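Following the hints, complete the assembly by docking chain X onto the known chain Z.
Chains as they are written, first to last, in this note's numbering: chain Z, 185 to 550; chain X, 185 to 550.
Think of the hints as simulated: they come from the structure by calculation, not from any bench. Note that this is a predicted model, so its numbers are computed, not measured. It is possible that some hints are incorrect.
[Said to hold, decoys possible] Pairs of lysine-lysine, DSS-like flavour, derived with a Cα cap of 27 Å:
hint, chain 1, residue 1, chain 2, residue 2
1, Z, LYS333, Z, LYS322
2, X, LYS503, X, LYS255
3, Z, LYS548, X, LYS364
4, Z, LYS413, X, LYS548
5, X, LYS385, Z, LYS467
6, X, LYS467, Z, LYS385
7, Z, LYS364, X, LYS385
Protein chains: 2
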Amino acid sequence: MLSRREFVRLSAAASAATTLPLNLLAQAAPVKKLRYAPVGLGVISVQHFMPGTRRSQFGEITGLVSGHPDKANKLAAEYNVPAGNIYTYETFDKIRDNKEIDAVYIGLPNSMHAEYTIRAAEAGKHVLCEKPMAVSAKECQSMIDACKKNNRKLMIAYRCHFQSSYLQARELVRSGAIGKVEVIEGAAGFNSRPGVWRLNKKMAGGGPLMDIGIYALNASRFLLGEEPKVISAYTSVIDQDGRFNEVEENCGWTMKFPSGAIASMTTTYGANQESFVRLHGSKGTLEISNCAGYEGIGMTLHLNNMGSNETTTQMDNAKDPHQFVNESDYFSQCVLENKPVEPSGEEGLRDLNIMTRIYEAAAKSA
Amino acid sequence: MLSRREFVRLSAAASAATTLPLNLLAQAAPVKKLRYAPVGLGVISVQHFMPGTRRSQFGEITGLVSGHPDKANKLAAEYNVPAGNIYTYETFDKIRDNKEIDAVYIGLPNSMHAEYTIRAAEAGKHVLCEKPMAVSAKECQSMIDACKKNNRKLMIAYRCHFQSSYLQARELVRSGAIGKVEVIEGAAGFNSRPGVWRLNKKMAGGGPLMDIGIYALNASRFLLGEEPKVISAYTSVIDQDGRFNEVEENCGWTMKFPSGAIASMTTTYGANQESFVRLHGSKGTLEISNCAGYEGIGMTLHLNNMGSNETTTQMDNAKDPHQFVNESDYFSQCVLENKPVEPSGEEGLRDLNIMTRIYEAAAKSA
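The shape of chain Z in the complex, shown without the other chains (with noise of 0.2 Å):
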């Protein structure tokens, strides 16, 4: 095992890491809050977006946006939030004259992601936007135009951007402690049921490759700190049952990075498969397991170099919504002070240009 002395070491920089880049709590004035209108009451918004901002020290609930009045209006009762400031789809552009909102956070299906992204920011209003971005690099494209020309913030809300396991792993990459990165392994996919949005095509974009493989190829780049060359994939429908008449049951993939690092990783909707990534560098391994997860995401350092042979695992048993609570803070911060975010808008649009990479090589070789 490595020593607390050598780990601290090697996590120095780490550890800076993990606090969030703005802080106010030194301030003495009272805390100016964001004050977000959530798009879309699912599961996403509702069990993990909404707790985790309500916990969070600069946002706030102050509206709804939701097809359902009944599960509207539940939820302005939890969240006291007036009657005036719940809308629908129909009446969502009026958000414009309410200056009671100042950001939308948009949990909807991906085909809807561009639309109310762009709606959003023409209202005036910043947007935090659901990893994946959109269905296609074009309707990315036209969300960033959209919010630059509004003078709006647009944030893509990978989570684990702002998760401590992730931190800790991209400096201790970035120090050197594993090397030179030689090759990547990493996975996400779950068993899908049936009947669900991300099964189909228009609502999704695509299938598991776009809902949870995303986890494990974004998280090479960031890990990595660079953008592949090239890609090479194939996808499979195994399972005949009616769920897979529209998107891809499976996918493995193929990545070559410049520095020559390779990435080999797999995603499915059709088995439970344990989420992670894994990189192997020259003096050592640094793997972050779950990492698709809401909580419990864990950071393995072996370092095996000039004979060592020492790991060192440190596992964040903060609860869910924690990293909501960090990405809401984040978020809000970076508007309230008028700072740029990341992950931006490019940062999704990057995703979806390597996921349709990943597509059109499929495609080409089925």
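Chain X in isolation, oriented as in the chain Z frame:
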């Protein structure tokens, strides 16, 4: 955790498979043994195959082939090999006149496998040849042809085909325990010392794919029981330290099988990469850990179908050269009873063909 009873049910067929296919224990007559001469006295012969055969029931070491007289004499004393049964590479063909040697074990650099297999077959000896079978598919075919022409047995020494975790895993896959296999992950690699023959293209035929990646590749075929339909791949060299002037340092590849199962794998000589193969099915996941190991190979079955969430891990605690004992005994019995061998030369050729396709795919994209 899986209950004992549940596990027994699932692995009923598997248990049978862990018993070696042929068993002469019941015979009363004195045991007839197959008499081996190892060709090449490197680590694999001296530390693994020879001690394994000494402990086996149906094999014994009665000859030696080496270019190092000192080493040969020392081992001859240890194994009671008469001086007249020691050959050099120059005198090798005279082995045909030796009635005390039935078979050879080829533990040479890859580029010498074909030549010595063919010369042994022509000298009337059966051949147990290390993996990879040779450096090209053409060589493999000539080895198969030579053994057929001389009516000699040819087996490729994939020792994992005789290892209990592998055998149990294959039976579990065949029995449908994990349902339909959707995606497969696999890896195997190590940080190579400089100056070894494995880095010499002419002697090795290729890099880590040929030497260590082959374990993950072969394991996926062995467990799935299918041959890849299409393959894409990349190779790279990152460390410009003289080690990789001839062979690849890293390789990643994705394979699609006829059933639709997709496998993504990596291998490297630039990092210590723990070997494993993991099959994700519609009802559960099956993993072989340390899949390239001489000992300590584990099998983990995780069932997650119909609300179940049970994990069973079985570790093979038998110590090296246990796998070589089994392998040696199996080949010995096949020869003594004139039974077909598996893994045959055709099986070795299949891997060579696939590795050739991997290198071709990587070359195309370079």
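*Compare the distance between the alpha carbons of LYS333(Z) and LYS322(Z) with 27 Å, and conclude whether the hinted pair is satisfied.*
With a Cα-Cα distance of about 16 Å, the restraint between LYS333(Z) and LYS322(Z) holds, given a limit of 27 Å.
*Has the given pair, LYS503(X) with LYS255(X), been kept, meaning a C-alpha gap of at most 27 Å?*
holds, 25 Å
_Restraint check for LYS548(Z) with LYS364(X), where alpha carbons must lie at most 27 Å apart_ = holds, 25 Å
_Restraint check for LYS385(X) with LYS467(Z), where alpha carbons must lie at most 27 Å apart_ = holds, 25 Å
*Is it true that the CA of LYS467(X) sits at most 27 Å from the CA of LYS385(Z)?*
Between LYS467(X) and LYS385(Z) the Cα gap is close to 25 Å, so the pair holds against 27 Å.
*Decide if the proposed pair is consistent with the structure: LYS364(Z) and LYS385(X), CA atoms, cutoff 27 Å inclusive.*
This hinted pair holds, its Cα atoms lying about 23 Å apart.
*asked:* LYS413(Z) and LYS548(X) were given as a pair; does the straight-line alpha-carbon distance stay at or below 27 Å?
replied: Holds - the C-alpha atoms of LYS548(X) and LYS413(Z) are around 14 Å apart, at most 27 Å.
In this structure, none of the earlier numbered hints is contradicted; all agree with it.
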